[in-house]
Amino acid sequence: MFESFMKLADDSVRQMQEAQDRWVASVTAGKSGSAPAGQVASPLIPLQHFGAYHQVLGTIAARQIQLSQGLLAAAFRPEPDVSLVVELVQMQHAVLQRLAQQQTQFITDLGGLLAGITSVPQSNTLSKLLDQEFDFFGQLHALMSDQTTSLVELMESLQMGCGYLVTRKLAGTGV
Amino acid sequence: MLADQGYKAPPLPRFRADLSQSSVSGLSSGAFMTVQLHLAYSGSFVGAGIIAGGPFRCAESFRAAAAIAEDAWELNALYVCMNPLIPQVGPDPVHLAAVARETARQGLIDPVENLVDDRVYVFTGSEDSVVNSSVVETTKRFYELLGVAPDAIRFENTIPAGHSIITDNPEDNPLPANRPPYLNNGGFMQSQHILEHIYGPLKPPSRRLSGRIIRFDQTEFFDGEPRACMSDFAYAYVPKAVEEGGPCRVHIALHGCKQGYNYVNFVNGRPDLDNAVPYGNRYFTTTGYNEMADANDLVILYPQAQGADNSKTQNPDGCWDWWGYTAEDPAHPDYYSRNAIQIRAIHRMLKRLGGE
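In the order they appear, the protein sequences are chains D and W. Sequential numbering from 1 applies to the first sequence in the numbering used here. Sequential numbering from 1 applies to the second sequence in the numbering used here.
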């Protein structure tokens, strides 16, 4: 019995060691081919994540500056374009509508989730019981994640839409 | 018996297809690709069916959306071509018709004059929350501007359908749903409306199929290049009379995103290989094309796209390329031209069916 446990413990330690070795090889060797297809193994991965955020946020900032410049140019045109103002107000209205839809959906989903945890789960095994307990956190995480990405999508959409509209008004269209 | 992991499907057979009578239809990304294929090879097609798709090259509407071209095309795809906040920030059909003419002038697609006598079916469900109805209306306008006669365009926008191809299968989603597998039960087979609009009155669909669905090796048509984002296999429905040597016409049916046979859902950024989606075969088996094809000597070709989500290709949903993800040079994407890897591959399949 004791020997079986020791063997199990030995095996576990060995497997963890092998997994760690594989990870170290993947982030240091680079040429070993152990990195997943399409990914470049690098010890600088956290920095690369930061770089990706930096790049996307930089693009958003640049777009915002461009948009502000466009709006300023449109505002100081000798003959102001009333249709632009109307369309920007329509965009604002569309954003409010979508925010309201997102909020309604979020509250409905959250209500469903909370209703679910008021009932005691039925399970025959400890593993299933634990699984059911963790399900709640998984679903909550998914809900919050969806809500956040929906908000960011709306922000991107608004920025894109305004930029596109102002550009078209100022300079005509062009691929 | 162990499964043969190295299985290679047989090649697509040659038939006696009249290649001057071909047509194409598709849903969503398949609809965007339908427009591109139709324009790229307008000399080969007599009509097209577009379900929830936008006009040609609309993903290039606003280059200034991002400093990196690839990012700009994707932002355009999402916020101009699929779900603009208001119609005024959607695709501009006048501009895109001019772009199509210029693209033809450069020799990248067939002359747009070929479209004049074509028949076009355009559909948007009034409950569609994935591709906004205002976008699909610009597709209709785009075709009109290119000279397609108004009475040759059937435009439907009053049915309260979500983002889907409509069927009469009780197993499919309720009509207003906007969720996979994007097959909604509306009490009729939309595919059959498309085929009848393109080809005129046809014999009623067969109650019992005489022919069979064939699986064939798709890789030979894109030379196995991973950037094509096309699956190893594709399918075709072949009526018995056609398989026995009879003449036929070809209709190409393009699935939408998340509808390829080997689509894998991504959960928390990882492919969920343990839970393969259960509907991968339904687009080429239950959408009603085959029954109509059987009665009318049509071969239905079902090319298959597949997903990829890595540093080179961002297409996790297995969509057809209508924003340039297959481009070798993203700054100058060629996803819309006769040289585009997916368009060229599908057209090669078409030529094979014609015996070439």
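Be a bit skeptical, because a hint or two may be false.
To be verified - Just a few of them, taken from the derived set where beta-carbon distance is under 10 angstroms, the chain D residues facing chain W: (1) GLN90; (2) MET91; (3) SER127; (4) LYS128.
Unchecked claim - Derived coverage of chain W by chain D (criterion: at least 3 residues anywhere in the stretch with Cβ under 8 angstroms from a Cβ of chain D; other residues may be distant): (5) 61-74; (6) 81-90.
Claimed, not checked - If you want the ones that stay clear, here's a sample from chain W, every Cβ over 12 angstroms from chain D, calculated: (7) ALA9; (8) PRO13; (9) LEU78; (10) GLU144; (11) ASP151; (12) ILE153; (13) ARG154; (14) ASN157; (15) ASP168; (16) PRO180; (17) PRO205; (18) GLY280; (19) ALA327.
Calculated from the structure, these hints are not laboratory results. Here the structure is a predicted model, which means the values were calculated and not measured. Where is the CB? At the ideal position from N, CA and C, for every residue including glycine.
How the hints compare with the structure:
Evaluation of the GLN90(D) hint against chain W yields a held restraint, the C-beta minimum of about 5 angstroms falling below 10 angstroms. Interface hint at MET91(D): satisfied, since its Cβ lies 5 angstroms from the closest Cβ of chain W, which is below the 10 angstroms cut-off. Hint on SER127(D) is violated. Least Cβ distance to chain W is approximately 17 angstroms, over the 10 angstroms limit. Annotation: LYS128(D) was flagged as interfacial toward chain W, and the flag is violated, the nearest CB pair being 17 angstroms apart, outside 10 angstroms.
With 9 residues having a Cβ less than 8 angstroms from any Cβ of chain D, the stretch 61-74 of chain W passes the three-residue criterion, so the hint holds. Evaluation of the coverage hint for the stretch 81-90 of chain W: fulfilled, as 6 residues show C-beta separations to chain D shorter than 8 angstroms, against a requirement of three. The beta carbon of ALA9(W) is kept farther than 12 angstroms from every beta carbon of chain D, the shortest such distance being approximately 23 angstroms. With a least CB separation of 33 angstroms from chain D, PRO13(W) remains clear of the 12 angstroms interface cut-off, as annotated.
The claim that LEU78(W) is not at the interface with chain D is violated, since a C-beta of that chain comes within 12 angstroms of its own (minimum 7 angstroms). For GLU144(W), the non-interface assignment is confirmed: its Cβ lies about 18 angstroms from the closest Cβ of chain D, beyond the 12 angstroms cut-off. For ASP151(W), the non-interface assignment is confirmed: its Cβ lies about 29 angstroms from the closest Cβ of chain D, beyond the 12 angstroms cut-off. No beta-carbon of chain D comes within 12 angstroms of the beta-carbon of ILE153(W); the shortest separation is about 23 angstroms.
Non-interface call for ARG154(W) relative to chain D: holds, since the shortest CB-CB distance, roughly 28 angstroms, exceeds 12 angstroms. Separation of ASN157(W) from chain D is adequate, the least Cβ-Cβ distance of about 19 angstroms exceeding the 12 angstroms criterion. With a minimum CB-CB distance of about 30 angstroms to chain D, ASP168(W) clears the 12 angstroms threshold, and the non-interface call stands. Remark: the non-interface label on PRO180(W) is consistent with the geometry, its nearest Cβ contact in chain D lying 16 angstroms away (cut-off 12 angstroms).
The claim that PRO205(W) is not at the interface with chain D holds, since no C-beta of that chain comes within 12 angstroms of its own (minimum 39 angstroms). The claim that GLY280(W) is not at the interface with chain D holds, since no C-beta of that chain comes within 12 angstroms of its own (minimum 22 angstroms). Non-interface call for ALA327(W) relative to chain D: holds, since the shortest CB-CB distance, roughly 15 angstroms, exceeds 12 angstroms.
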